[in-house]
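Chemist: First to last, the protein sequences are chains L and U. Numbering-wise, the numbering used here puts 306 at position 306 of the first sequence, and it's gapless, one number per residue. Numbering-wise, the numbering used here puts 1127 at position 127 of the second sequence, and it's gapless, one number per residue.
Treat the hints loosely; a few may be bogus.
[What the hints assert, rightly or not] List of simulated lysine-lysine pairs, DSS-like, C-alpha gap at most 25 Å:
#  : chain 1 : residue 1 : chain 2 : residue 2
1  : U       : K1007     : L       : K312
2  : U       : K1084     : U       : K1007
3  : U       : K1007     : U       : K1083
4  : L       : K37       : U       : K1007
5  : L       : K312      : U       : K1126
6  : L       : K126      : L       : K142
7  : L       : K312      : U       : K1052
8  : L       : K37       : U       : K1146
9  : L       : K142      : L       : K221
10 : U       : K1007     : L       : K2
11 : U       : K1142     : U       : K1052
12 : U       : K1052     : U       : K1084
13 : U       : K1084     : U       : K1101
14 : U       : K1083     : U       : K1101
15 : L       : K37       : U       : K1052
[Said to hold, decoys possible] Which stretches of chain U does chain L cover? Using the computed rule of at least three CB atoms under 8 Å from a CB of chain L, they are:
#  : region
16 : 1017-1030
17 : 1169-1181
No lab work stands behind these hints, which were simulated from the structure alone. All residues carry an ideal CB built from backbone N, CA and C; glycine is no exception.
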Amino acid sequence: MKITDFCLVFIVIFFPVFLIVGYHVQDQRNVRFTELKYVTALRTAVQDAGSMLNVNERQEFESGYGSAKFFKADKEQALDTFYHTLYANLGIEEDAAAQQVLDRYIPAVVVIDYDGYWVYAEEEYKGADGMAYAKHLWLPKKPYSYSDRAGNLVHFTLDNVVEAYQAGSGTWIRGLQRELGPTASIPLLQDGVRYEQVRRTTIVQAIEDDLANVINRHNEKAVRNGTSYVFTLPLISQEEWNNSIDDIGILAFIQGIPIGEQALNNYALGSGRLVKSTVIKAGVDHRTGIRYYSRGDCADDLDAAETFTSAKEAAANGYFEKPCTRAFEP
Amino acid sequence: MSNAISKFAAVLLAVVVMYIYPAAEASQRQDDLSRIVVYNAVTQFVDAVRNKGYISPVMYEQFLEEIQATGNEFDVQMEHLHKKYHPEYTDAADPGTFQNKFSTVYDGYYTSDIMDHIFPNTTVPKDDESRVYKLMAGDFFKVTVKNVNRTAGTVMFDFVTGALTGEAAVIAFPYGGMVLNEDY
């Protein structure tokens, strides 16, 4: 055979291989990109929902001196925002059919409130015409509750506030654990370190169990609706749980959307928190006479005359930012 | 004679295998990279608007520069939904008919409205306060980008397979979210 014939043989054998491998790579790339798109949409939606959680209408539900973590989570508004952003990012704001299809792939949304949590999941109910319907609904709020062998009942919150039922005396007590501890008859409340551990585990366990349950039930309906995907609770690392139960937050799952040869299985966590803004002191530097503002850490040599809540406001009133070089001085 | 045919076939195959196929693959990769660049630029621009609460001419120009660096032409659609609380009256002219409730409505402002604001028909400089398009916390902002030209990948794909993809956008990306801050 001549050299050109060898060439032909080589091409005939290898070209299809290249072509097939090329298609596979292309497929993988599409999968990755679609996944990226969905994950971005989910993250942004949850972030927006989280920031909506602490919008509040009444003064007594506001976090204050008592607790920095106390909020009345506005779950409906958060959910509206979640869906609005999610639909916008997938380009289906006006497509009710596509929205319904997407709903099938969202087995659960959890809102972590100050003293309990809500699960938003698909539930069956009987309509006015006697037919069975299924729709995403809010399930009743559940407390972070713990009970010991003696029959005492403890309801945790996201911070030190606790509500407990003392089985011995048959009374309810409510307050901060560190204040109730010395007088309470419940052993758990007396030990601060153990209390904290049990509190965290209880909260995580409660949410995790409930979610596993809801997602499992979603399976049943999914099969009837023609989705051949086994929904399971994705593995959420301990660290992420610890972060998420520090503040009120929202947790959403998107699972089972078939892309390429795999299915998407993802979750996102978002939380709402108001951070106390630092007070900005402004005054005249007594050496130079120039007007400066500072965040309080090196305001000693200023004759503080005014305080502001933001640097912008201070600058608008004619103050310069004071270069704070204290940290570098010996 | 058979020699000439085999030579001709060999040359033809050599051209296909050594030039056209690699070129098609390379242009596909270029499209992939463009897609990632566009994705990054769009998320960055939208997140900047969401976190800052305004659109300035410089922000918009930088965004355009970034996506146009891919060598493609894009159609950029912006959408700003302003959240509004609307008191409910049965007769708006008569204050006595207030229903003691309100509804939430969204006012839509689109690309042309926003462009008219940040690129007005006057000679005010770019950093002028009046050329900043302001949004409010709670509003929604969304950008949709899609290519209008035929990308290198499409051209090569059509050439190799003999298909006619037409005007379908290869690089399309919608991204948006709620405005979280008002930093102006």
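Chemist: Hint by hint, say whether it matches the structure.
Modeler: Here is how each hint holds up against the structure:
1. About 77 Å separates the Cα atoms of K1007 of chain U and K312 of chain L, which puts this hinted pair outside 25 Å; it is violated.
2. Pair hint K1084 of chain U plus K1007 of chain U does not hold up; C-alpha atoms about 75 Å apart against a cutoff of 25 Å.
3. The suggested pairing of K1007 of chain U with K1083 of chain U is violated, with an alpha-carbon distance near 71 Å, which exceeds 25 Å.
4. Simply put, K37 of chain L and K1007 of chain U have alpha-carbon atoms about 49 Å apart, too far for the 25 Å limit, and the pair is violated.
5. Between K312 of chain L and K1126 of chain U, the direct Cα distance comes to roughly 21 Å. Compliance with the 25 Å bound is thereby established for this hinted pair.
6. A threshold of 25 Å between alpha carbons decides the hint, and for K126 of chain L with K142 of chain L the separation of about 23 Å falls inside it, so the pair holds.
7. The hinted pair formed by K312 of chain L and K1052 of chain U meets the criterion: a straight-line CA distance of about 14 Å does not exceed 25 Å.
8. A threshold of 25 Å between alpha carbons decides the hint, and for K37 of chain L with K1146 of chain U the separation of about 15 Å falls inside it, so the pair holds.
9. The hinted pair formed by K142 of chain L and K221 of chain L meets the criterion: a straight-line CA distance of about 23 Å does not exceed 25 Å.
10. Taking the CA atoms of K1007 of chain U and K2 of chain L, the gap is about 11 Å. The hint holds against a cut of 25 Å.
11. Between K1142 of chain U and K1052 of chain U, the direct Cα distance comes to roughly 14 Å. Compliance with the 25 Å bound is thereby established for this hinted pair.
12. Under the criterion of a C-alpha separation no larger than 25 Å, the hint pairing K1052 of chain U with K1084 of chain U is consistent with the structure, at around 20 Å.
13. In summary, the hint linking K1084 of chain U to K1101 of chain U is supported, as the alpha carbons are separated by about 14 Å, within the 25 Å threshold.
14. Annotation: proposed proximity of K1083 of chain U to K1101 of chain U holds, straight-line Cα distance about 16 Å (limit 25 Å).
15. In summary, the hint linking K37 of chain L to K1052 of chain U is supported, as the alpha carbons are separated by about 23 Å, within the 25 Å threshold.
16. Figure legend: the region 1017-1030 of chain U, annotated as covered by chain L; annotation consistent (4 residues with Cβ-Cβ distances under 8 Å, at least 3 required).
17. As drawn, the region 1169-1181 of chain U meets chain L at 7 residues by the rule of a beta-carbon pair under 8 Å; at three or more, the given contact holds.
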